[in-house]
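Asks: Take a look at the letters that make up each chain.
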Amino acid sequence: MVKKIYFQSIFFSFFFIKEAFTAESGGMPQLNPEFWVSQIFWLILTFGIMYLVLSKLILPKISNNLESRKSQILENIEAAEKQRNDSDAKLKEYDEIISKSKLEANSIFNQAREKALKDIGAKREVLDKQIDNEIAEAEKEIDALRKNAPDKINKIAIETSSELLQKLIGAEVNNSSISAIVDDLSKRNGDKYYGN
Amino acid sequence: MAANPMSQFDVYRIGPEIKVGAFDISFTNASLFMILSTVSILLVFNLGSKKNSILPNKIQLLAELSYTFVSKMISDTAGSKAKPYFAFIFSLFMFVLFCNMFGMIPYTFTVTSHIIVTFVLAAFIFIGVTVIGFIKHGFGYLKLFVPSGVPAVLLPLIVVIEIISYLSRPISLSVRLFANMMAGHTMMKVFGGFVISLGIVGGWLPLSFSVALTGLEILVAFLQAYVFAILTCIYLNDALNLHH
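Residue numbers (the numbering used here), protein chains in the order written: chain A, 691 to 886; chain B, -13 to 230.
Quick caveat, the hints were computed from the structure, so don't treat them as lab data. Because the structure is a prediction, the values reported are computed rather than measured. Treat the hints with care, since some could be wrong.
Unchecked claim - Label-pair restraints from in silico Cβ distances:
1. A:Met718 x B:Lys129: 47 to 55 Å
2. B:Lys129 x A:Ser745: 25 to 33 Å
3. A:Met718 x B:Leu228: 34 to 42 Å
4. B:Phe55 x A:Leu764: 18 to 26 Å
5. A:Ser745 x B:Leu228: 53 to 61 Å
6. B:Leu48 x A:Lys772: 29 to 37 Å
Unchecked claim - Straight-line distance between alpha carbons at most 27 Å, and here's what the computed DSSO-like set of lysine-lysine pairs gives:
7. B:Lys44 x A:Lys751
8. A:Lys746 x B:Lys122
9. A:Lys808 x A:Lys819
10. B:Lys36 x A:Lys760
11. A:Lys842 x A:Lys857
12. B:Lys175 x A:Lys760
13. A:Lys808 x A:Lys792
14. A:Lys751 x B:Lys58
15. B:Lys58 x B:Lys36
Unchecked claim - Some residues of chain A that are not near chain B, with every Cβ distance over 12 Å (derived):
16. Glu724
17. Ser728
18. Ser758
19. Ala769
20. Asp785
21. Ser791
22. Asn800
23. Lys830
Cβ atoms here follow ideal geometry from the backbone N, Cα and C, with glycine treated the same way.
The following block holds chain B by itself, in its conformation from the complex (with noise of 0.2 Å):
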């Protein structure tokens, strides 16, 4: 009766197979939404953009208010010389809070509920920021791991522990973005679940949980896409301006 609360997440062709020497690049269904996020966002701020009126209408207000808060962001925890990378964090915060909103839909899937889109995303993030480090601080970026007034007989195991913690950046970054959507997506799957098993008598109670719990969602949905982009924001900003 149920169905596995786990098979939201399968991903699964549409149309025919496609493959690129030995890669299988097939359309799926998590292709399908991506290019729904990333095509509405792009017709939401097109429209958004189009006129440029003193007294902005809705949809412009909607495109202006993200801009100045995704901008507001980064100049507060980046800094000014965060500036060349607003575009990227402000493409990286809309896509995954429309994947994310698009994944509240009932029957639609979540792209951002699997490990394999966020680790990539988070290691393109971690990626950039080690080049960016380097680049602005030459091997000076080194000192990062070297925290200022530890004792020296605390450093080598100071140094090993940040160190590890730099490089398990990515995988934190990208393990809370899909492990937050996946786990709230499941709950809200389980209790629909037992809205159905628990029948006209006892479906009331899961039903009022799930009512909540969409509420609980959606307020995830857009927490991670801003954990997710203040995230990247603290680490460029460790990387363009290296004070430790």
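Pulled out of the complex, with its shape left as it was, chain A reads as follows (with noise of 0.2 Å):
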């Protein structure tokens, strides 16, 4: 119903339209050449009002702005691929000095571990031919006292034997003979006493 309602009213504002078209003065006012001249008159005064205008003042700013910006920004990129250039090479540098600073550190430390082994050497040396010198005297120490004793054990069992028999037999011993016998002794039981 509502869309019957609806399509009649389409329909019958078509005829509407048709009446109103041809009720008014009709044609398009387009055609009408009333206002030809009036229409051209201002199109010409604003239009070349405008042209000139935007040509001898606007555009020539605008194309200006723009080229400027342009060559600002290449210039702006010349400066920043110079100091991206500056800085690489800056950066080669400081690599290099580091790596010749680790080489001379090397060095240093090469050198420095050398001379320490050769003062440890020398020093060794020293002690070395020291201890040996001392270990020499040691030993001749030894060998005298080793040379000594049979004579000194000797007199002390001389000695000793002497003041025994002193106290055993209540008379005094000729030394000399007591002598004798501890040397004959020693003599025979030499080998076992000191025996090397």
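Build the complex from these two chains, which are given one at a time in their own frames, with help from the hints.
Replies: Structure representation (structure tokens):
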């Protein structure tokens, strides 16, 4: 129902519009030459003024703006590139310095180690010599002691045995006879006491 | 109830009648909208070119985008020789665009919906291009009417066709713009009238059409300005770089 009314009203409105078309003076106002001259005059006036202002004042400014921005951006890009190259070169330099100093540090370390090793070697030699000397001296002393030992022991044995005899017998015994006996004993048993 | 859809194209006098000799150059609503369009163009581009900041603000961006748009259009179609005519084509494009767009505001007058306005523009372009062609190439410009590689038998016919097509350029250029603007605005008015006459019950369908048409008409307003400018470039290209 609503649909029917809708289409009917569209249909009638067409009639209405057609009537409106024919009812008024008709045709297109565009074809009425009454104001043609006025339109041409005002068109030339406004368009001409606009063209003059645009072409003489505004457009050169815009093109100038665009150019200057372009050149400025290019300049900035160039500057940035230059700075990047500079920083690259600096980085290379820095790397070189670091590797050089690393080498230097290495060589210094090596030198120091060699020197230290040399020092240590020299000191050790001196010490070795000293130790050798001391050992030799000590051996000499021991040798001397060892050489003297039987005599002293003999002496002690003679003295002790003479005192022993004196206490046991109660008479003085001739030292020379005792020493003869001790010598004899020690010669016989020498190997037993001083066996090397 | 519904006004005549053509009454929106009526030109009427604003203020007193001005007569110079036999000519009536009174200030009309058409004049008003021409002045409005040109003043707003000048305003926009003046604001857009005032400051030159590296990061453009919105209006500067608008001006510069329009500038590069038109300059690219010219260099693409007419080559580098067309550079001296850049300002004219830019003005032309902007004038037509702004007049078309002003016409999209309700209750306004569309300057470009009048055949006399578009015809004067087209005739000026036609005469200008022809003069440029003859200045650049002398009578060699007439070679434009003789396409190369055409069999001799067909040549008389082709030349006649070429001459007719050349002479009809101002007509086709002006009628295209005028007819597009007029048809679009008439259609919108008709659909607007439907909305009123069908009322609350049936008015929704034409209303939705009206909304869609408004979008279409804005597109057409831009497109016709673009077509007008690019055809001018093509004619200029014929005159500047004669190759046929």
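Asks: Are the hints correct? Go through all of them and say.
Replies: Going through the hints against the structure:
no.: 1; hint: A:Met718 x B:Lys129: 47 to 55 Å; verdict: violated, 40 Å
no.: 2; hint: B:Lys129 x A:Ser745: 25 to 33 Å; verdict: holds, 31 Å
no.: 3; hint: A:Met718 x B:Leu228: 34 to 42 Å; verdict: holds, 39 Å
no.: 4; hint: B:Phe55 x A:Leu764: 18 to 26 Å; verdict: holds, 22 Å
no.: 5; hint: A:Ser745 x B:Leu228: 53 to 61 Å; verdict: violated, 26 Å
no.: 6; hint: B:Leu48 x A:Lys772: 29 to 37 Å; verdict: holds, 35 Å
no.: 7; hint: B:Lys44 x A:Lys751; verdict: holds, 17 Å
no.: 8; hint: A:Lys746 x B:Lys122; verdict: holds, 24 Å
no.: 9; hint: A:Lys808 x A:Lys819; verdict: holds, 17 Å
no.: 10; hint: B:Lys36 x A:Lys760; verdict: holds, 17 Å
no.: 11; hint: A:Lys842 x A:Lys857; verdict: holds, 22 Å
no.: 12; hint: B:Lys175 x A:Lys760; verdict: violated, 47 Å
no.: 13; hint: A:Lys808 x A:Lys792; verdict: holds, 24 Å
no.: 14; hint: A:Lys751 x B:Lys58; verdict: holds, 18 Å
no.: 15; hint: B:Lys58 x B:Lys36; verdict: holds, 23 Å
no.: 16; hint: Glu724; verdict: violated, 7 Å
no.: 17; hint: Ser728; verdict: violated, 5 Å
no.: 18; hint: Ser758; verdict: violated, 6 Å
no.: 19; hint: Ala769; verdict: holds, 14 Å
no.: 20; hint: Asp785; verdict: holds, 36 Å
no.: 21; hint: Ser791; verdict: holds, 44 Å
no.: 22; hint: Asn800; verdict: holds, 58 Å
no.: 23; hint: Lys830; verdict: holds, 101 Å
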